[in-house]
Amino acid sequence: MIRAEELTKRYGDRTVVQDLSFTVRPGTVTGFLGPNGAGKSTTLRMLLGLDAPTRGHSTVAGRAYATHPAPLTQVGALLEARSLHPGRSAFHHLMALAHTHGIPRARVEHVLGLTGLTDVAGRRVKGFSLGMGQRLGIAAALLGDPATVVLDEPVNGLDPDGVLWIRTLLKSLAAEGRTVLVSSHLMSEMALTADHLIVIGKGRLLADTTVSALVREAGGASVRVVTPEADRLRALLPTSPHPDAQITAEGPDTLRVTGLDAAAIGHTAAAHGVPLHELTPQTASLEQAFMDLTHDSLEYQGAAA
Amino acid sequence: MSATTPVPAPTAAYRITPARVLRSEWHKLWTVRSTWITLVTSAAFLLGVGILMGATYTSDGGDSDVDTVVLSLYGSQLGGVCLAVLGILVTAGEYATGMIRASMTAVPRRLPVLGAKAAVFTAVVFAVSFVTALITFLTAQIFFSGTDQAASLTDDGVLAAIAGNATGVTLLGVIALGLGAALRSVPGAVGAFIGGVMVLPEILGMLPYEAVETAVRYFPTQAAGALGSADPMPGAATPGAALFALFLWAAATLAVPALLLKRRDV
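So the protein sequences, as listed, match chains S and X.
Note that my numbering gives residue 259 to position 259 of the first sequence, counting from 1, and the numbers run on in steps of one.
Note that my numbering gives residue 65 to position 65 of the second sequence, counting from 1, and the numbers run on in steps of one.
FYI, nobody ran anything at the bench for these hints, they're computed from the structure.
The structure presented is a predicted model; accordingly, all values stated were derived computationally and were not measured.
Be aware that a few hints might be false.
The calculated label-pair distances, taken between Cβ atoms and stated as ranges, are [unchecked claim]: (1) X/A55 <-> S/R123: 38 to 46 angstroms; (2) S/H110 <-> X/A119: 26 to 34 angstroms; (3) S/E176 <-> X/A127: 43 to 51 angstroms; (4) S/E6 <-> X/A211: 33 to 41 angstroms; (5) X/R33 <-> S/S21: 42 to 50 angstroms; (6) X/A251 <-> S/G157: 38 to 46 angstroms; (7) X/L200 <-> S/E6: 46 to 54 angstroms; (8) X/V256 <-> S/R123: 52 to 60 angstroms; (9) X/V40 <-> S/R123: 18 to 26 angstroms; (10) S/D161 <-> X/G195: 47 to 55 angstroms; (11) S/G113 <-> X/G191: 40 to 48 angstroms; (12) S/A81 <-> X/P232: 51 to 59 angstroms.
We put the beta carbon where it would ideally sit given N, CA and C, even for glycine.
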């Protein structure tokens, strides 16, 4: 459990994070979402005691991170920037951190195995690829078998295999009852991994919601239907048991349906012999919801052509 | 807290202790090449210059009035620079690589990290310097036998001066370590050490003011020099005063980053 209360960080007259309050609960993956420069990394650094907030405070399991007798067992963190000596081997990097808490060698070898680094553990980190570096960062985060895992942009620069691995890992960590907070500037990535979302922009809280609620607020997932008998299908679709269902015509033979899934539409069409030329679930609405939410708080905005 | 949190129970045996932070810093020190390179280079300078001094020495060459220990360990000036670089790498090096974020996340109270770094550095550098200085002195004596620089470890002040030399370079290294921690930049700290600790007192010593000249005796490099001579040099601090002054310099240089460490963002 992480709790942030009115966290504020100012550098001179530049406010990077302002009055940010949120709670991250165990057992789910919480996505920490915002455009570049929204203050995500700064917030995470404040949670870990690396940066002191100008105002406000945060707690991990009820007390400030720095006051825990064994902080690595409370929070395991992967920070955005590389936090290691490139001349040290992966094993020795982890071992040096492990020594501070009396974590045994066996646990170091376990997390190396968990992250698939056993074969390269003796190599100096200098020669690691971006993906291997991320894996080492995650191995360090898991070192203390922490109740909370905080990962800053873990999929940045990873190949599809690595991205999939992270997604699976995050879900399994949450399934084990841990608190998982993962930051990203990609809504699409968060939609696949996170259950809960904390969205910030320009250092302020924009939304503290669930993925499904955000989709619903954005007008829900829709289905694009192309049929030569658009008017007939429209009349046939069962809107009455689905008060949310809405059908709009996008053209003479194109309908956009929200509140009904593709299966329901397909069954109705088949039952009444309506030929369908296209039946496409549209999932872009989540990205659109994020864009709408953060539109006013982008740090760098391209001018409209 | 109001809500119960079904988290996996942390292993109770895992917790930070000062001894464990020391062990971590010990492990860090020996698992990067720069430690070996700087230690071996400093030892090579000390021994190499010692042999050079011995091999080229003649009783009528005009160096007869130079302290035997000072002459044998002349290379500690060069070796000391290597050790200062090591001290800077131990602290400022972590800021350069980003390792400091991992260190401070593991030990968020921060001060134990700086303390452990200084303690491990002091112990290792003193041990290496003292052993190398002993070997260098004895090696140089092979050449000095039969000259007016012939001396033995049991002679008055010799062993104390060898230990003093090692103490001097060690505490100068601690000053460098403190500068590295305060400035958080390897080149910045190297510049500050060379300019502020090594060159500045030489310039001040040139000034025609008696008070300045007296004060300069207690500056780090001059105090270290006084510690490393078997016979008290004229115009230098006594070994006791020199040791005290050098210790204060090192403590003060460590106190600055220690005070800043709690306040500054990592």
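So, going through the hints one by one against the coordinates:
1. X/A55 <-> S/R123: 38 to 46 angstroms: holds (44 angstroms)
2. S/H110 <-> X/A119: 26 to 34 angstroms: holds (30 angstroms)
3. S/E176 <-> X/A127: 43 to 51 angstroms: holds (46 angstroms)
4. S/E6 <-> X/A211: 33 to 41 angstroms: Given a distance of about 55 angstroms, which is not inside 33 to 41 angstroms, the answer is violated.
5. X/R33 <-> S/S21: 42 to 50 angstroms: holds (47 angstroms)
6. X/A251 <-> S/G157: 38 to 46 angstroms: holds (45 angstroms)
7. X/L200 <-> S/E6: 46 to 54 angstroms: holds (47 angstroms)
8. X/V256 <-> S/R123: 52 to 60 angstroms: Given a distance of about 38 angstroms, which is not inside 52 to 60 angstroms, the answer is violated.
9. X/V40 <-> S/R123: 18 to 26 angstroms: At roughly 23 angstroms between Cβ atoms, S/R123 and X/V40 fall inside 18 to 26 angstroms, so the hint holds.
10. S/D161 <-> X/G195: 47 to 55 angstroms: Holds - the Cβ-Cβ distance for S/D161 and X/G195, about 51 angstroms, lies within 47 to 55 angstroms.
11. S/G113 <-> X/G191: 40 to 48 angstroms: holds (45 angstroms)
12. S/A81 <-> X/P232: 51 to 59 angstroms: holds (53 angstroms)
This entry does not satisfy hints 4, 8, going by the numbered hints stated previously.
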